[in-house]
Amino acid sequence: MTPADIRDEILDILEDIAPDEDLGELKDEVAFREQLELDSMDFLDIVMELRKRHRVQVPEEDYGELASMHSTVTYLTPLMKDLQKA
Amino acid sequence: MPRDFLKGASDEYDVIVIGSGLAGLTVANVLGRAGHSVLLLEQHYKLGGMATWFKRPGGHIFDVSLHGFPYGMIKSCRRYWSQEIADSIVPLKGIRFENPMFSLTTTYNREDFTKLLTSQFKIAPEKVAEFFDTARGMNFYDDQSMTTGELFNKFFPGREDVHRLLMEPIVYANGSTLEDPAITYGIVFSNFMSKGVYTFEGGTDLLIQLMQKELKKNGVDIRIRCDVEKINVEDDRVQSVTVNGRTIKAKSVISNANLNATIFRLLGEETLDKQFVEEARAVRLNNSSTQVYMALNPGETVDESLGDLFFTSTAEEFKTDLLLSRDVTSRTYSIYYPRTRPEGRPRTLIVSSTNAHYKDWAPLSDEQYEASKQDLIKTTLDHLDRYVPNIRERLAHVEASTPRTFQHYTQHVAGASFGTKFEGLAVSRALPDQVKGLYHAGSVGIIMSGWLGAINYGVIVANDVDALLMKQVGAATQPVN
Chain A
1 MTPADIRDEI LDILEDIAPD EDLGELKDEV AFREQLELDS MDFLDIVMEL RKRHRVQVPE
61 EDYGELASMH STVTYLTPLM KDLQKA
Chain B
1001 MPRDFLKGAS DEYDVIVIGS GLAGLTVANV LGRAGHSVLL LEQHYKLGGM ATWFKRPGGH
1061 IFDVSLHGFP YGMIKSCRRY WSQEIADSIV PLKGIRFENP MFSLTTTYNR EDFTKLLTSQ
1121 FKIAPEKVAE FFDTARGMNF YDDQSMTTGE LFNKFFPGRE DVHRLLMEPI VYANGSTLED
1181 PAITYGIVFS NFMSKGVYTF EGGTDLLIQL MQKELKKNGV DIRIRCDVEK INVEDDRVQS
1241 VTVNGRTIKA KSVISNANLN ATIFRLLGEE TLDKQFVEEA RAVRLNNSST QVYMALNPGE
1301 TVDESLGDLF FTSTAEEFKT DLLLSRDVTS RTYSIYYPRT RPEGRPRTLI VSSTNAHYKD
1361 WAPLSDEQYE ASKQDLIKTT LDHLDRYVPN IRERLAHVEA STPRTFQHYT QHVAGASFGT
1421 KFEGLAVSRA LPDQVKGLYH AGSVGIIMSG WLGAINYGVI VANDVDALLM KQVGAATQPV
1481 N
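Line order of the protein sequences matches chains A and B. Heads up, the first sequence is in the working numbering, so the first residue is 1 and it goes up one at a time. Heads up, the second sequence is in the working numbering, so the first residue is 1001 and it goes up one at a time.
These aren't lab readings, by the way, just hints derived from the structure by calculation. One should not assume that every hint holds.
Take a look, some chain A residues computed to stay more than 12 Å from chain B by CB distance [claimed, not checked]:
1) D5
2) D12
3) D16
4) A18
5) E25
6) K27
7) V30
8) A31
9) Y75
10) K85
With a Cα cut of at most 20 Å, we get these calculated SDA-like pairs of lysine to any residue [stated by the list, open to error]:
11) B:K1436 / B:L1468
12) B:K1075 / A:D16
13) B:K1471 / A:H54
14) B:K1319 / B:L1468
Derived, one-sided and incomplete: chain B residues facing chain A with beta-carbon distance under 10 Å [what the hints assert, rightly or not]:
15) V1030
16) A1034
17) K1055
18) G1059
19) S1076
20) R1079
21) N1139
22) F1140
23) N1456
24) I1460
25) A1462
26) N1463
27) D1464
28) D1466
29) K1471
Note that beta-carbon positions come from the ideal geometry of N, C-alpha and C, so glycine has one too.
Pulled out of the complex, with its shape left as it was, chain A reads as follows:
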């Protein structure tokens, strides 16, 4: 998967987690929590979805890497680059 594919995948997961949010205006460099009403359980959901969909494991000490779209894609790129796009 390319960084753009990963970004699409994260957007898809976020749509499930926060169905009431408008994700069209999301700024990649700004923390999710400053733009969306997300709490720590929502970040756990992102982790669980990534494991379910792609068998990607994000250990607890790395949860901080999921702060913004940019940091999430940067973190996941080496972990997901060999995966096929669904």
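Mind docking chain B on chain A? Use the hints.
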């Protein structure tokens, strides 16, 4: 021959969950839905743990712990249970306070509290805003040295009336006190303040029934009257549990039993690190409660100005030891109007709760115990009569429960109704470092208590277990590099 409650159960599962409190139910559901084989074992004859109810003749159904939880419950139920469950969660209308310092009714959210604190309590608006923002910014991993009492004194020095308004509902919600870490207060208070207080329309019985349906759909093998005696460990790894005379294997075991009971009764300290055992032993249990359950005659109801939750106290001051004393000065009434169960027969029920110590009730002889319960009922009715005139004539049924009752039904050590104090969270989380594959999910650390805390902690642990099981499968099927 006694009935075999494990009839047809397999000899091995991916996951065994011990206990069906809300954390145990949720962990079982999330892992079952993820495709793991799950066995759920409950010692009692019904599921739910402290999320429970009981029926009495005349169509009266008493809820033990239903009112009220934060808004976050809607999202958690939608994501980890079902839309149907989430759709039945409705706001409580009125939260009322009566004590020698003030009397008021509120919707219990930031907007209304700001209004009350600035107008009735004459606190500067910027001070109120600063307090709310501080509470909302708190994280469980922040500094724990400040207590809730110190937090209140920092923002509202000498204002015991304000401390009381801010604290009393949280004492009811999770048993925490002015002496507990401020972060436990900030996290829980902010959860409520974001959108108010909620309940489950249809009652606890419907909630548990819907959860059971969902568990079955997700393939969870549910067994009641199965009291686990032992968690078996070999080479620092969990192997199996011993239950009703059988040994059933599992890759992972999650205990939703009380933390203390899990470590010292089910596990035994011989397999554990000395340091861990010391830390576990030092975990303080939270307090228990007494309750008085009152059912009004069919057709009778009370005016809704009584509120859904009614915090009363006759104490002039606000102090933790007064809240826990057997010489009751504080009572919280949960009022269950007919709208609690719109499909059921129209009944009005009132449950009075007071936090209490097990040690005050444990040593009583049967005779003393019965007399103390009768006294609790009498003093509660005397008190309630001020707000519901002629309450005695209007009652169809009344009975009391004590810390001994909770201990009897849930097997919680000392009848603890809110799990453990803050330090229990770290011990609960560290259990898998001691025994691979063994986890604890249940009411711990104050912030993981209450209905929402228990459900969310179940999800957090389910995530850990799912990761572990995937790693094991990966290890078995992939070549070693």
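Status of the stated non-contact between K85 of chain A and chain B (beta carbon gap over 12 Å): Nearest chain B Cβ is 21 Å from K85 of chain A, so the label holds.
Status of the hint placing N1456 of chain B at chain A (closest C-beta pair under 10 Å): With Cβ-Cβ at 6 Å, under 10 Å, it holds.
Status of the D1464 of chain B interface restraint (C-beta, 10 Å, chain A): For D1464 of chain B, the interface hint holds, since the closest Cβ of chain A sits about 8 Å away, which is under 10 Å.
I1460 of chain B as chain A interface residue, shortest Cβ-Cβ below 10 Å: Nearest chain A Cβ about 6 Å off; hint holds.
Y75 of chain A and chain B, when compared Cβ to Cβ, separated by more than 12 Å: Consistent with the label, Y75 of chain A stays out of reach of chain B, its closest Cβ about 17 Å off (over 12 Å).
Distal placement of A18 of chain A relative to chain B, Cβ over 12 Å: violated (9 Å)
Proposed interface contact between A1462 of chain B and chain A, which counts if any beta carbon pair is under 10 Å: With a closest approach of 8 Å, the A1462 of chain B hint holds.
Agreement of hint K1471 of chain B with chain A interface, Cβ distance less than 10 Å: holds (7 Å)
Hint status (Cβ of F1140 of chain B to nearest Cβ of chain A, threshold 10 Å): holds (9 Å)
Reported absence of K27 of chain A from the contact zone with chain B (all CB gaps over 12 Å): K27 of chain A is indeed farther than 12 Å from all Cβ atoms of chain B, at 22 Å.
No chain B beta carbon within 12 Å of V30 of chain A's: holds (18 Å)
Supplied contact hint for N1463 of chain B, tested at 10 Å Cβ to chain A: holds (5 Å)
Taken one by one, the earlier hints fail for this structure at numbers 3, 4, 14, 17, 18, listed in ascending order.
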